[in-house]
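Peer 1: The whole structure should be built from the sequences, with the hints applied where relevant.
Next come the chains, spelled out residue by residue.
Number of protein chains: 2
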Amino acid sequence: MDLDLIRQLAVPNDTKILLAVVDGLGGLPHPETGRSELQAANTRHLDRLAAESACGLTIPVAHGVTPGSGPGHLALFGYDPLRYTVGRGVLEGLGIDFDLQPQDVAARGNFCTLDDQGRITDRRAGRIDTEQSAALCQVLREIELPGVRLFVEPVREHRFLLVLRPQEAGELSDQLADTDPQREGVPPLAPRALAPEAEATAELVRRFVASARERLDGCQPANGLTLRGFARHPQLPCFPEVFRLRAVAVAVYPMYRGLAKLVGMTVLPTGSTYDDEVETLRQHWDELDFFFIHYKAADSAGEDGDFEAKVAALEAFDQAVPKLRELAPDVLMIAGDHSTPSVLAGHSWHPVPFLLHSKLVRRDEVDAFSESACLRGSLGIFPATEALPLAMAHAQRFSKYGA
Amino acid sequence: MDLDLIRQLAVPNDTKILLAVVDGLGGLPHPETGRSELQAANTRHLDRLAAESACGLTIPVAHGVTPGSGPGHLALFGYDPLRYTVGRGVLEGLGIDFDLQPQDVAARGNFCTLDDQGRITDRRAGRIDTEQSAALCQVLREIELPGVRLFVEPVREHRFLLVLRPQEAGELSDQLADTDPQREGVPPLAPRALAPEAEATAELVRRFVASARERLDGCQPANGLTLRGFARHPQLPCFPEVFRLRAVAVAVYPMYRGLAKLVGMTVLPTGSTYDDEVETLRQHWDELDFFFIHYKAADSAGEDGDFEAKVAALEAFDQAVPKLRELAPDVLMIAGDHSTPSVLAGHSWHPVPFLLHSKLVRRDEVDAFSESACLRGSLGIFPATEALPLAMAHAQRFSKYGA
Numbered sequence: 001m002d003l004d005l006i007r008q009l010a011v012p013n014d015t016k017i018l019l020a021v022v023d024g025l026g027g028l029p030h031p032e033t034g035r036s037e038l039q040a041a042n043t044r045h046l047d048r049l050a051a052e053s054a055c056g057l058t059i060p061v062a063h064g065v066t067p068g069s070g071p072g073h074l075a076l077f078g079y080d081p082l083r084y085t086v087g088r089g090v091l092e093g094l095g096i097d098f099d100l101q102p103q104d105v106a107a108r109g110n111f112c113t114l115d116d117q118g119r120i121t122d123r124r125a126g127r128i129d130t131e132q133s134a135a136l137c138q139v140l141r142e143i144e145l146p147g148v149r150l151f152v153e154p155v156r157e158h159r160f161l162l163v164l165r166p167q168e169a170g171e172l173s174d175q176l177a178d179t180d181p182q183r184e185g186v187p188p189l190a191p192r193a194l195a196p197e198a199e200a201t202a203e204l205v206r207r208f209v210a211s212a213r214e215r216l217d218g219c220q221p222a223n224g225l226t227l228r229g230f231a232r233h234p235q236l237p238c239f240p241e242v243f244r245l246r247a248v249a250v251a252v253y254p255m256y257r258g259l260a261k262l263v264g265m266t267v268l269p270t271g272s273t274y275d276d277e278v279e280t281l282r283q284h285w286d287e288l289d290f291f292f293i294h295y296k297a298a299d300s301a302g303e304d305g306d307f308e309a310k311v312a313a314l315e316a317f318d319q320a321v322p323k324l325r326e327l328a329p330d331v332l333m334i335a336g337d338h339s340t341p342s343v344l345a346g347h348s349w350h351p352v353p354f355l356l357h358s359k360l361v362r363r364d365e366v367d368a369f370s371e372s373a374c375l376r377g378s379l380g381i382f383p384a385t386e387a388l389p390l391a392m393a394h395a396q397r398f399s400k401y402g403a
Numbered sequence: 001m002d003l004d005l006i007r008q009l010a011v012p013n014d015t016k017i018l019l020a021v022v023d024g025l026g027g028l029p030h031p032e033t034g035r036s037e038l039q040a041a042n043t044r045h046l047d048r049l050a051a052e053s054a055c056g057l058t059i060p061v062a063h064g065v066t067p068g069s070g071p072g073h074l075a076l077f078g079y080d081p082l083r084y085t086v087g088r089g090v091l092e093g094l095g096i097d098f099d100l101q102p103q104d105v106a107a108r109g110n111f112c113t114l115d116d117q118g119r120i121t122d123r124r125a126g127r128i129d130t131e132q133s134a135a136l137c138q139v140l141r142e143i144e145l146p147g148v149r150l151f152v153e154p155v156r157e158h159r160f161l162l163v164l165r166p167q168e169a170g171e172l173s174d175q176l177a178d179t180d181p182q183r184e185g186v187p188p189l190a191p192r193a194l195a196p197e198a199e200a201t202a203e204l205v206r207r208f209v210a211s212a213r214e215r216l217d218g219c220q221p222a223n224g225l226t227l228r229g230f231a232r233h234p235q236l237p238c239f240p241e242v243f244r245l246r247a248v249a250v251a252v253y254p255m256y257r258g259l260a261k262l263v264g265m266t267v268l269p270t271g272s273t274y275d276d277e278v279e280t281l282r283q284h285w286d287e288l289d290f291f292f293i294h295y296k297a298a299d300s301a302g303e304d305g306d307f308e309a310k311v312a313a314l315e316a317f318d319q320a321v322p323k324l325r326e327l328a329p330d331v332l333m334i335a336g337d338h339s340t341p342s343v344l345a346g347h348s349w350h351p352v353p354f355l356l357h358s359k360l361v362r363r364d365e366v367d368a369f370s371e372s373a374c375l376r377g378s379l380g381i382f383p384a385t386e387a388l389p390l391a392m393a394h395a396q397r398f399s400k401y402g403a
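These protein sequence lines are chains B and C, in that order. Note that our numbering gives residue 263 to position 263 of the first sequence, counting from 1, and the numbers run on in steps of one. Note that our numbering gives residue 82 to position 82 of the second sequence, counting from 1, and the numbers run on in steps of one.
No wet-lab data here; the hints were simulated from the structure. Watch out, some of these pointers could steer you wrong.
Think about it this way: if two alpha-carbon atoms lie no more than 30 Å apart in a straight line, the pair counts; the simulated DSBU-like pairs of lysine-lysine are [to be verified]:
id: 1; chain 1: B; residue 1: Lys323; chain 2: B; residue 2: Lys359
id: 2; chain 1: B; residue 1: Lys261; chain 2: C; residue 2: Lys400
id: 3; chain 1: B; residue 1: Lys296; chain 2: C; residue 2: Lys400
id: 4; chain 1: C; residue 1: Lys323; chain 2: C; residue 2: Lys400
To list a few chain C residues with every Cβ distance to chain B over 12 Å, as calculated [what the hints assert, rightly or not]:
id: 5; residue: Glu308
id: 6; residue: Ala309
id: 7; residue: His394
Some, not all, of what chain C presents toward chain B, calculated at C-beta under 7 Å [to be verified]:
id: 8; residue: Met1
id: 9; residue: Arg7
id: 10; residue: Ala51
id: 11; residue: Ala177
id: 12; residue: Arg362
id: 13; residue: Ser378
id: 14; residue: Gly380
id: 15; residue: Glu386
id: 16; residue: Leu390
id: 17; residue: Met392
id: 18; residue: Tyr401
id: 19; residue: Gly402
id: 20; residue: Ala403
The beta carbon of each residue, even a glycine, is placed where N, CA and C say it ideally should be.
Peer 2: In structure tokens, the structure reads:
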């Protein structure tokens, strides 16, 4: 649903909405048993909740499209992920909790190995460890560029974050082409402006690259670098304003806290476990309207291709479901940002099980929470962007459309 | 899905996709038995395939919209049929294998009967036979118009194709109103430009009509003509480029070969039976990525209102299913361009049974291939335009969207 329509329909109420995201929730059958992770897991709390809820499956972006974490979450927040995009440089910054400012230009960097002709022989510099990477970032941070402040932050292994921050009234552009040629045997591409107004920024990046090249000379295997995904902080419509919800996010991982912050949610400090997250929710329950809580372990196990670990992660989540229900939200959603089938060891395009619990739902015959059970749900297979409008309706926070 | 997004996501792979279209696949229950053609047919190969596949139903154009063959196929090729249109004149040309050039303007013609006041008394000239029609076309072909070459080709019964081809650097417009008033008791409408730049072309058509009128005078019952669907060759995005697939079409009927050619598929010469078509596939299997194969008999029987003949046609198709499976495509889709229920003796708007077979599907409980069985499928009821994006995903030919 268009955010303008949501803005038009949203009305205040004193109801509370809880969106519990299980990252990488959906799966595929194990080739030997024919049962998916959710089917294999003992999730009796989820199953009971499903029996009392309206169930369905969400399509994160579009049929056949495998989303990254950014689009997957934006959709669950009600933002069309094809319309509202977050650049890779910005996501990289969110992922390490870098405090990106509106005027900053961020890019994802890779250390790489160059031969004596300047050609890339390893795009990941042998995946040097994060400590080595941090030492190199320290070296690059000393480069001076006129009119901008430079940040070079280690991310993980060969990855780093480059941020240019204009000083005083300066303005930078993110309309720059990647310097990563995406293959080996050729040199990194020269920094290049994609629009006339980006020429000055391109020149700054050229200076940075040239100076970095000198400073990294001899630092085998990481004697070169590539940059991609130049991006500025996206100006997304403000979630609390659009939905008229005092909204908070509770997440352990920086990327998800960052995404919530991008749409204007308040990010609550929390501990390092899901129990900590739930406790944080509880502490702030009375004063707010909308709560996004993020559970990461299912995705991590799926990404590792570890079927049993994903089953265990889902069972651990299941154990927390009673605590979520104890909060007695008027609307409780259990959703996933995308599927992460263990058999694919990565994200996938498959629709994601979903349930919405509220006293106003039209219940269905679904009495288990799984990919196949949710197919029989009363919500059908629907775009993930519609989850929050459905929640708003069940929370009686939407006015009637038309007379 | 927007073709620009497909273009952005598509990556090369060595997987193969087979789209088997059963023209007019969907049906309606026989009033006496309550069973549709697919339910009445013995389709054990399709049923077994369905049990191993993800099933669903496609909506060809939009809820309630009955598509012609053009929109029905364009949707299955991934093109939004409401955005990408093929004029009737062009479809008529494709149907008789006319080699339409980019600068041509084509129109569908009908011979009709006029009274001595010039009013239409029979819009189809008593459905004169195709031979009579061919003789009249021969007469009209002799008309000379300045700066254009004229083609007048018989189609079937009272129908013909008119093509104006500009000579040298000339350019024609297809912004012309139909001359067919769609009713009897009034004269044909005068050719009329719908845009200023079409005035010159309208004048040429006026001359053609006036000269035709003289030459047909006395040729009862076909002493007049009407023209409609003026159209130029549509410039559609190139399928092989958008999807990064080396794509071929195998079809007996010219219309379907023509549609495939319009989107840039290579059309393979083949014999006159479905067995010939399958054999053609087999011969070219190794060298290509995407294969569209067309089965016509189900639609023909449905159009004739012959329930039993449609049942037989579906059973004959079923016999060929093992040969399709022997090719071992990574993704096999069985789809229809629209429904052609025998009880309607024509195309209809009803969603069309669909299955997608691949090792990456989420299987469902569907173990028969029919309108009602597919309702329980894991793909749900979805736009036909999404079939090919789904195939691309299952063939692992789509990159991730966003980070």
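Peer 1: Please list, smallest to largest, the hint numbers that this structure does not respect.
Peer 2: 4, 7, 9, 10, 11
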